[in-house]
Structures are given as C-alpha cells and as structure tokens.
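Colleague: Below are the chains, spelled out letter by letter.
Number of protein chains: 2
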Amino acid sequence: MKKTIFLYGLALALLVLLMRMIEYRFLVRDLTLEFYIGIVAIFFTALGIWVGLKFTRKKVVMINPDFHFNDKEQTKRNISKRELEVLELMAQGLANQEIADKLFVSLNTVKTHSSNLFSKLEVSRRTQAIQKAKELNLIP
Amino acid sequence: MKKTIFLYGLALALLVLLMRMIEYRFLVRDLTLEFYIGIVAIFFTALGIWVGLKFTRKKVVMINPDFHFNDKEQTKRNISKRELEVLELMAQGLANQEIADKLFVSLNTVKTHSSNLFSKLEVSRRTQAIQKAKELNLIP
DNA sequence: TTCACCATCATTCTTTCGGGTGATTTGGCA
DNA sequence: TGCCAAATCACCCGAAAGAATGATGGTGAA
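Chains as they are written, first to last, in the numbering used here: chain A, -4 to 135; chain B, -4 to 135.
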C-alpha cells in the first residue's frame, strides 16, 4: 500500500519533470493549459483505472441470496484469499491466462495457486475443483 | 459507451472552465503548474477508478435448486443424447479418458463429442461448457 | 528478530484439451 | 432401398493444463 502511494507520487513527480523538460528544453513555451490538462488527464485516468482495479478486485460481489460462504471449510483446508479468487475465476470458465490477466499476475503464479488449490481440495483437475468447491460452499 | 465518452469530455471541459474561473475571477494568477496538475490528477484518478469499476461489474447467474431439463434448448441446439451424456460426465469433473472408459468408447470419440458440444454451446472450454449448460438447464 | 505463511515468478517436463479433417458404420425413415 | 444423421474412431498439431521444484520478498505472530 505504501509502495503504491510512493509509486503514485513518483509518477506524478516524473510527469511534472517531463513537462518541465518539454517546456524548457524544446522551447515550446506556448503550450496551452488545456494541453497540459489533457496529458495529465489521460495519464491519470489510465493510472486511476489500474489502481481502481487493483484495489477492488478483492471485493467479491456475492449477489446470490441463498449462498453462505463456508469459512470453516476454508479455514480447515487452509485456503488463502488469493487461492479463493483464482477458484472463483476458474469456476467462471476462465483459462489460466485470463485469470492471470484479471488478477494482474503471471501465468505461473496462477498455476501455482491452482496447483495448491487442487491439493487442498484433494482433486486433480479444475473441473473437479469447481464441483467440490460448490459442494463445500466455497463458491456460489 | 458513446454517452460515457461524451460525459468524460464534458467533465474535462468543465474542469478547464473551472480552472479558468479560478484563475480570472479570484485573480489568483500565480498558481503553479504543479497545482494544476495535482488537481487534474486527483480528479481524473477518481474518474478513472469509477470508469474502471463501472466496466468490470460482475454479472449475476442464478442457480435454481430444482432442476427441470430444458429439452427445448436441446432441440434448438441439436444436441444429441450421446453428447448430453458426455456433457454430464464432463460436469462431474471427469477427464476425457475417464469419460471414454465409462461410456466404453474410445478417447477420440469423446473428443469428437465434446468438440461438437463446444460448438453447439458456443464455448471453447469444458469449464465454460459446464457453466453454460447449467444456465440453459441442460444439466443440474 | 526469527519463523511460518502467503504471494509471487521461473523453469522443465508430461499430460490433457481442443481444432481440424476425414472415414466407417448403423439405425431410422421416406 | 437409398438417404441422413448419429455415433464411432483415427491422426496430426498446437495450446493449455498440471506436476515438481526452487527462489524471493513481504507480513504477522511469537
């Protein structure tokens, strides 16, 4: 979290620096305020989207009313939050690569998580994992 | 989508207008570039977060407890009995080889059936096929 | 501060899936 | 009887999944 804030500030500082350089080095002094605002807006919109996704992906939206998460099973089987996220995306029919993209991690990481999941759920295939997870009320 | 882009541009225009007003109306002429950038950065970061969230909302899939086989869908999609059997076993988390053993056919046959199933269900992976089949009430 | 655990990523290797294509057989039906 | 759809099987190939192992950095508890 601190790291992210730091990086965020760093990005802002770098952007300011970049603009100063454009201004002074290339003697382009008549850039309008709108131009600056445009650049900054685009940059920070992208950054905002990224940040927004990164910090809200953990918030799991469960709208199915007759689903009660079985945290006992989760505790008993030592299933971590991250593994649960992978499990949910897996249950949505996503491929490992798609899960990796969605969670902003590498394919290998997803594979590691899923491998650990399989052993914790005592299964050997993703389809079985989904089945069992639904039986155990780990996913809706 | 067009509406969003429009609103987005409108927000940008309003922000520029706001800044101009701050600049001229209150005679605060010595605001630094960093100040402007800061304002815009904060504003568009928030906007970016909002946009990012808006387009990644989860869709809700209700799973009804009592299952009634949807033979209309089966007819409409021309899904054969054998394909249905494969589908059910697939949903139980079985691998193609296991399905083949269970149905006393060869692995290739199961693969053919599943391939045809995928195209009939308009999916490309077995996990998605299971998902969709449940939504269509083809399997419990 | 040390330790256990989690999250991350990499590499290698094997197995499984899935697409594409084509062929044969079989049961029902016009 | 001939046609049609289904079921069956084969082969090739590339992509994806999964197993096994090792490594690193962060964090929270003891």
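Mixed in with the good hints there might be a few duds.
No copy labels: a pair is met if it fits in one copy or bridges any two.
[Unchecked claim] Listed next, the in silico DSS-like pairs over lysine-lysine satisfying Cα-Cα at most 30 Å (straight line):
1. K127 / K106
2. K106 / K71
3. K71 / K115
4. K76 / K106
5. K115 / K129
These are computed hints drawn from the structure, not numbers from a lab.
Colleague: Could you run down the list of hints and mark each one as holding or not?
Modeller: So, going through the hints one by one against the coordinates:
In this homomeric assembly, K127 and K106 come within 30 Å of each other (Cα to Cα) both inside a single copy, at 19 Å, and across copies, at 24 Å. Proximity of K106 to K71 under the C-alpha cut-off of 30 Å is restricted to the intra-copy arrangement: shortest distance 22 Å within a copy versus 37 Å between copies. Taking CA atoms no more than 30 Å apart as the test, K71 paired with K115 passes inside one copy only; the shortest distance there is 10 Å, against 40 Å between copies. With identical chains, the CA atoms of K76 and K106 are at most 30 Å apart within one copy only, with a shortest distance of 15 Å there and 35 Å across copies.
Taking the shortest Cα distances, K115 and K129 sit within 30 Å of each other both inside one copy (14 Å) and across copies (26 Å).
Violation of the numbered hints given earlier is absent; every hint is satisfied by the structure.
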